[in-house]
Amino acid sequence: MKKITILLFAFLAVLFSCEKNDIEGPNLNDLYGPLDILESFKIVGDSVDFENDEILYFTASFSKIVDWKIKIRGLTSGSIKIISGKSNYINLNNSSWEGSSTELPFFVSENCDVELSFEIHDDIFQDTLYISSAKDYNNESTVLITDFEAGFNPNFTGFFQAGCTKSLTTGGSGEGAKHLQQFGTCDWDWLIGYIDYYSNFWLNPNTLVSDPSQVYFNIMIKGDSTISIVDGVPNSLFKLEFYEDENNDGYYDASSEDRYDYEFDVNWNGWKMISINYNDVENLIAPPNNSGDGIRNPSQIYNVRTLLLANPNSGFAKADVDFLIWSIGGPILN
Amino acid sequence: MKNILLNILIIFLISYALSTQAQIKSKVWYDGNARVMYDRDILTGDNLDQKDTVSTRSNGTGFSKIDLGLHFTPINEIEISSSIRLQNDFGGMWGNRNSVTLRSLSASGVINNKIRFGIGDLFLKQSKYTLYNYSQDLSHFEPDVFSFYREYVNYENYYKENYWRLQGIQTNFSYNMYNIIEQIDIDAFTSRIRGAQWLGDPELLMFGGTLFIRLNEKIKIGSHYINTFEIKSTSNTDIAYFNPVFTAKFMYSDKFLDMYPLDILFEGGVSKRGWEGDGFAPETQGMFFNSTFQSKINNSNLRLNFKLVDTDFRSIGAQTRRLNYSLVPSSYAYYGNSYTQRKIGLLDIISDPDIYNQRLSTSLMDYNPIYSATLPYGDATPNRIGTEVSIEEIKITGFLKLNIDAKYFTELIGQGTTQKRNFLNGAISSKLHINKIFDISVPIIIDASAFAENIKRSGSEFERINLKTNLISSGILVGLTDNLSLVCGSKLFSAVGNEYLIERNTYDQIIDYNTANFDISEMILVGGIQYYFEKDTYITMQYNHFNMLDNNILEDEFSMGRLVFMFNMNL
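Heads up: the protein sequence lines correspond to chains A and B, in order. At position 79 of the first sequence the residue is numbered 78 (numbering that gives the first Met the number 0), and the sequence of numbers has no breaks. At position 436 of the second sequence the residue is numbered 435 (numbering that gives the first Met the number 0), and the sequence of numbers has no breaks.
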């Protein structure tokens, strides 16, 4: 009996000494605790030179894990970058910024307002920063078709319906100073107009890889989101056609080569970057008019045609374009 | 078609039983239960004309049921038992509310006079940590005046003591060895917890065993094993649940100070629970330890218990709750102009059999901390460490007896914080036989109990918890004759304070907390008469008044009266 009692107390002593320090479930402090700023919000790398691949980041730490959002707004361009996360700290790993935009146009060399806010707390912290040189999106992993800064290349042929407009415009561009306006009303045909961007005349030669999953087509489109009175959907329809020259004869032959298409509604106002993975483009035209090898091969792209379409019964359509560029490895705004 | 076949089978069984009885009288016998119940619920309260213009002012339901238990012994070693329910709900016409159902069917017997077995409906129980059907919330020390409700609820849900009613096969046998080991007792069973569901979860099976070895008259060691698992091949799924639990026991019986009997029990065990094939499911392993010292001093039973249950200890057979808070109460489930769903309250807990659960649950069922917080899953409640002291049958005088129970537990690890909840829970009950004081021939008994529970957690403002609940119950029985009595009783419940209600995902992991502030009071008053023909055969007619008020939502106050008549007879 005595031995049993000793054994019991020894066992209890071991049990009580094995206390766990962990907690069960999500941290209550993160859900209901007050938000205290332990380290104030700071910008590291002000006057950043994005053109030379410099980066900028922010630091702060909080008393709880919280949903935070940093909003950077260019005072000249109006461009916006949003960096967000859920953590009790902000540092290089979760807030680095290489100069890209979340909302177009692109940032330029300019002053920016910076604002840190939280999802369920009213606290807001503000600061300013300066961009000494803007990010250059055209680099070794991109192929620029055109940015219209040197004007509209007349070798990019096309067709616009009578009364519809295609014009190079300065000011209010998505990138740089110039962009191409496209708009009009056509009550007898779906086509407002199209432009062929032949690869021989791209600003960079076609050095795209053949793996379609690695290649993205990017285009800035400025929409006006006019809603069709006929079918209630946005009136402007945008279509992209990619023509492959599979036999490298400098010509697309519909009877023996592939064409891939991609179309979407322009249902927004202002500039937006559309990025399409070349794997997602579709072979819409049935043989014998589209009888190539059936393999998407970006390195063989001979022509990119952009088409602005609209229901002829529904009126005005508009989709300005700027900065047509291929990127390899991911969308241009990753 | 199924019903027709069932009816034919039942008629055949009854005919067979009667004819067999005529031929071999000793081989067939009956038992069962007959119950007639009628209750009329009456919506009461102030300003009903404005507050509730949609609910009916009263609802009546009633039924008569006979559960006819038939037992056959076709041969001496075999007994076949069935229970057939004949039910007639009041208010039906041309038999449209009559039903005949098979309530239970089983066979049992002995092989070679050594090995007992049972097949069919089985009542199974093991350790409190492997397979145990814990009593419902707030049922401890309940005055006798409420016992007819409790018996009704338990009977309807097949709650026999702390056994779970399962379907399967069971066997047990024992060997006397008369050497180092005196006796070995072995019990094993397998059961089908859940059948296959079309496009649903796979079949859930359980098997378990118990081994007890008596080394001498003082020392006994034993072990329980139980495993609950899904059979993947019975469904179009790649995921299968499993939950094995193993426990080991050491029992020692002796005399303390050479006078008082002393029983010591140590039990420890481990569990594993997971979902094979589910990459998102955690595989958890948990343990528990329990020690109990029990003695009898001056006719009072003294029990001291210490237990620790790990946060990840999971045991489907011991952690399934009787009360299912996801169900809605039978009486006035919705009320008020806003058609508010009524929360399960104290009256429903004591009287509504339809809010109870008869199936083992693979995940922890929800509980309401105002009714049960210290040990909502019984002794197997995970994340608890603490002690319990109880003294029963304290004889103060010849006419007054007391029972005392106290518990103090804390969490092993905090929920959402390093601060841990502390649970203090105490209950006392007494039975005063007035007739013995004044030497009156008819019984006059006052039954009273008090229960209090306090959950506390300190820390920052958002971590702090302080919830106090109290239940004071009383019952008075005044015998008018030897068999006829006036009865009245009350239950006054209050819950004041704050708590965090826990939200768990399908894997029992806590995913969120909802703040809850309680300021609730409930009152049940009962009064009526009861007549006992003999033990378990009685008629009672009572009026109940029930009020539930949440002081945080005054407009949702609910009041109800109930006139209830019950005839009960155990055949």
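Treat the hints with care, as some may be off.
Below, in silico cross-link-like pairs of lysine-lysine (DSBU-like), each with a Cα-Cα straight-line distance of 30 Å or less [stated by the list, open to error]: (1) B:K295 to B:K430; (2) B:K217 to B:K295; (3) A:K85 to B:K430; (4) A:K63 to B:K430; (5) A:K63 to B:K419.
For the record, the hints were derived by calculation from the structure and aren't laboratory data.
Results for each hint:
1. B:K295 to B:K430: 20 Å, holds
2. B:K217 to B:K295: Measuring from Cα to Cα gives roughly 17 Å; hence the hint holds.
3. A:K85 to B:K430: Not OK: K85 of chain A and K430 of chain B at ~60 Å, beyond 30 Å, violated.
4. A:K63 to B:K430: 54 Å, violated
5. A:K63 to B:K419: 19 Å, holds
The earlier numbered hints that this structure contradicts are 3, 4.
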